[in-house]
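There are 2 protein chains.
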Amino acid sequence: MDEFELIDRIFRRLADRKPWVEVGIGDDGAVLEVTPGKKSVVVMDTLVNGTHFLDSQPADSVGHRALAVNLSDIAAMGATPRWATLSLTIPKLERDWLSGFANGFFKLARKYQVALVGGDTTAGPLTVSVTVGGEVEPGCVMRRSGARPGDLVLLSGKIGGAATALTSPQAYADPLLRTALLYPQPPVDLGQALGLFAHSAIDLSDGLLADLGHVLKASGNRGAQIESDRVPLFEASSTLLGSSRALELALGGGDDYELCFTVPGDRYQKVVDIGNQLGRDIFCIGRVTEQGGCQIKGEQVNLKELSPGYQHAWPA
Amino acid sequence: MDEFELIDRIFRRLADRKPWVEVGIGDDGAVLEVTPGKKSVVVMDTLVNGTHFLDSQPADSVGHRALAVNLSDIAAMGATPRWATLSLTIPKLERDWLSGFANGFFKLARKYQVALVGGDTTAGPLTVSVTVGGEVEPGCVMRRSGARPGDLVLLSGKIGGAATALTSPQAYADPLLRTALLYPQPPVDLGQALGLFAHSAIDLSDGLLADLGHVLKASGNRGAQIESDRVPLFEASSTLLGSSRALELALGGGDDYELCFTVPGDRYQKVVDIGNQLGRDIFCIGRVTEQGGCQIKGEQVNLKELSPGYQHAWPA
Numbered sequence: 000m001d002e003f004e005l006i007d008r009i010f011r012r013l014a015d016r017k018p019w020v021e022v023g024i025g026d027d028g029a030v031l032e033v034t035p036g037k038k039s040v041v042v043m044d045t046l047v048n049g050t051h052f053l054d055s056q057p058a059d060s061v062g063h064r065a066l067a068v069n070l071s072d073i074a075a076m077g078a079t080p081r082w083a084t085l086s087l088t089i090p091k092l093e094r095d096w097l098s099g100f101a102n103g104f105f106k107l108a109r110k111y112q113v114a115l116v117g118g119d120t121t122a123g124p125l126t127v128s129v130t131v132g133g134e135v136e137p138g139c140v141m142r143r144s145g146a147r148p149g150d151l152v153l154l155s156g157k158i159g160g161a162a163t164a165l166t167s168p169q170a171y172a173d174p175l176l177r178t179a180l181l182y183p184q185p186p187v188d189l190g191q192a193l194g195l196f197a198h199s200a201i202d203l204s205d206g207l208l209a210d211l212g213h214v215l216k217a218s219g220n221r222g223a224q225i226e227s228d229r230v231p232l233f234e235a236s237s238t239l240l241g242s243s244r245a246l247e248l249a250l251g252g253g254d255d256y257e258l259c260f261t262v263p264g265d266r267y268q269k270v271v272d273i274g275n276q277l278g279r280d281i282f283c284i285g286r287v288t289e290q291g292g293c294q295i296k297g298e299q300v301n302l303k304e305l306s307p308g309y310q311h312a313w314p315a
Numbered sequence: 000m001d002e003f004e005l006i007d008r009i010f011r012r013l014a015d016r017k018p019w020v021e022v023g024i025g026d027d028g029a030v031l032e033v034t035p036g037k038k039s040v041v042v043m044d045t046l047v048n049g050t051h052f053l054d055s056q057p058a059d060s061v062g063h064r065a066l067a068v069n070l071s072d073i074a075a076m077g078a079t080p081r082w083a084t085l086s087l088t089i090p091k092l093e094r095d096w097l098s099g100f101a102n103g104f105f106k107l108a109r110k111y112q113v114a115l116v117g118g119d120t121t122a123g124p125l126t127v128s129v130t131v132g133g134e135v136e137p138g139c140v141m142r143r144s145g146a147r148p149g150d151l152v153l154l155s156g157k158i159g160g161a162a163t164a165l166t167s168p169q170a171y172a173d174p175l176l177r178t179a180l181l182y183p184q185p186p187v188d189l190g191q192a193l194g195l196f197a198h199s200a201i202d203l204s205d206g207l208l209a210d211l212g213h214v215l216k217a218s219g220n221r222g223a224q225i226e227s228d229r230v231p232l233f234e235a236s237s238t239l240l241g242s243s244r245a246l247e248l249a250l251g252g253g254d255d256y257e258l259c260f261t262v263p264g265d266r267y268q269k270v271v272d273i274g275n276q277l278g279r280d281i282f283c284i285g286r287v288t289e290q291g292g293c294q295i296k297g298e299q300v301n302l303k304e305l306s307p308g309y310q311h312a313w314p315a
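If you're matching them up, the sequences are chains A and B in order. Anchor point for the first sequence: position 94 equals 93 in numbering that gives the first Met the number 0, and the numbering is continuous, going up by one each time. Anchor point for the second sequence: position 189 equals 188 in numbering that gives the first Met the number 0, and the numbering is continuous, going up by one each time.
Bear in mind the hints are in silico, worked out from the structure with no lab data behind them.
Since the list gives no way to pick one copy over another, a pair counts as held whenever it fits inside one copy or between any two copies.
Straight-line distance between alpha carbons at most 25 Å, and here's what the computed DMTMM-like set of lysine to aspartate or glutamate pairs gives:
| hint | residue 1 | residue 2 |
| --- | --- | --- |
| 1 | Lys216 | Asp15 |
| 2 | Lys17 | Glu32 |
| 3 | Lys37 | Asp15 |
| 4 | Lys216 | Glu21 |
| 5 | Lys110 | Asp188 |
| 6 | Lys91 | Asp54 |
| 7 | Lys296 | Asp280 |
| 8 | Lys269 | Glu136 |
| 9 | Lys157 | Asp228 |
| 10 | Lys37 | Glu21 |
| 11 | Lys110 | Asp15 |
| 12 | Lys17 | Glu136 |
| 13 | Lys37 | Glu136 |
| 14 | Lys17 | Asp188 |
| 15 | Lys106 | Asp95 |
| 16 | Lys157 | Asp280 |
These numbers come from a predicted model, not from an experiment.
Generate coordinates for the entire structure from the input sequences, incorporating the hints supplied.
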């Protein structure tokens with residue numbers, strides 16, 4: 000079986016057509032409609048075997064996460080996802096793996112009406128690169144740079160679960176922790192609804208402190224005071240590790256794919272109501288300050304031992 | 000040096016801002032303007048070390064080609080490129096290599112006003128994945144599927160040079176052949192101009208016979224008669240290999256990144272004039288027929304020995 004047949008048989012069959020797709024898979028490029036008056040949003044993220052996932056990880060989880068990490072970025076921009084392109088580099092043709100991968104990818108794609116419109120399949124070390132495009136009302140773009148002193152710092156869900164799942168076989172066996180790691184559910188619906196209310200937003204991929212740090216820096220070197228007992232943890236994480244270690248993983252662990260966003264205090268109740276309508280709990284964990292870095296109040300955590308977030312560090 | 004500094008220092012510095020880029024590198028996603036009334040075009044291609052390029056290849060050539068292979072697809076759709084996202088997976092941080100890569104990428108990007116707006120840098124086996132977006136007038140989209148019996152089959156330039164460069168050190172040392180392999184110049188300007196005239200188009204990446212085959216199949220299983228003595232060869236290719244072998248590489252070699260397109264006979268002169276204005280020779284190599292596959296008339300070529308185009312074949 001050659002490359003073209005592979006693409007045809009597996010991906011073209013599963014690729015839903017949407018009204019905004021004029022030309023999809025199978026030509027040199029995709030042709031897409033953008034709703035008049037809206038702006039286009041584009042994100043791209045890559046997962047590398049051995050760095051972002053392991054051989055032992057279920058194939059459908061790899062497919063799910065390859066799309067999920069991008070939908071998380073789309074959500075953080077306040078956009079509605081529309082299309083994706085997929086570049087899949089695989090060492091050899093394993094029908095079962097590909098089929099599992101495709102199932103994970105398309106199940107999530109259908110949930111949010113994302114059309115796969117093109118990409119590339121090549122031979123080489125297992126690597127998955129996905130680009131997702133969406134659109135957004137001009138006034139609803141959420142940037143990292145909009146946080147203002149006095150803003151509340153909110154989270155779209157519990158954090159630290161994925162990092163906890165990696166700490167032991169026992170943790171990995173916990174259904175909620177395992178799901179947080181293998182099948183994160185980025186708050187796409189919430190992101191679309193927040194654009195009118197949030198001053199700033201970022202998706203949590205590198206760990207709360209690292210990602211909130213990006214927001215504070217981009218917003219003019221602001222600071223934040225985070226109340227540690229308000230950081231929403233997974234119950235299983237606290238039970239297994241103790242609350243102090245669970246908190247450390249929540250602050251520094253990464254792979255959460257929840258939103259961290261800031262809103263002025265008088266919009267807090269409105270945002271909680273929106274969350275309720277969408278079945279999502281919104282957690283207020285602190286405030287943006289004029290300056291002074293990010294301070295953690297409350298339970299003692301060893302900040303020095305915190306991972307500085309998920310970074311790929313090379314020898315300089 | 001960590002990932003974020005790497006991205007900041009090398010790529011952000013070189014990324015030109017364009018009027019259509021509202022948010023570029025440095026947020027969760029890029030925000031882009033689409034010209035009212037135009038359609039959006041998206042392409043994605045990946046280069047893997049060891050498959051699509053070699054360790055010995057100059058870094059600026061890898062950067063150039065990573066963008067060029069995508070611009071070639073954009074050209075084949077009749078679109079104008081606007082933005083790119085780049086996912087770069089590298090085993091270790093080699094400043095000289097990265098700098099060379101960036102120089103090759105941005106030199107070509109500037110030539111066609113393509114803004115780098117985002118992407119991803121990860122640790123892993125050397126792989127470069129690029130997505131390019133552009134826009135096109137609704138009536139100017141070129142598809143693979145539009146070829147009609149009687150259409151002339153045209154090429155935007157000489158072919159077989161890249162494949163010849165790989166045949167021997169002597170061939171690789173020839174400046175024109177080497178340039179064809181390392182720094183292909185996709186006809187972006189010509190692609191934009193052809194949309195009103197061509198019935199169909201494809202970019203030549205897998206070899207003329209394979210790619211023309213895609214057009215004929217997509218156009219309702221049409222055939223074509225190609226006159227072998229009209230296929231435009233590199234002089235150095237014929238000199239080094241003899242005209243018969245040079246022709247075989249032109250028909251089956253791949254990596255040309257020229258356009259193959261079909262036009263009705265009465266538009267031929269207009270297309271040649273457009274080519275002249277853009278400094279590009281247009282070559283007519285045959286005609287589309289009702290059916291009968293792709294026939295090569297003239298010089299005897301051993302079709303069985305032709306590579307079936309560039310495909311990544313896995314064990315089934």
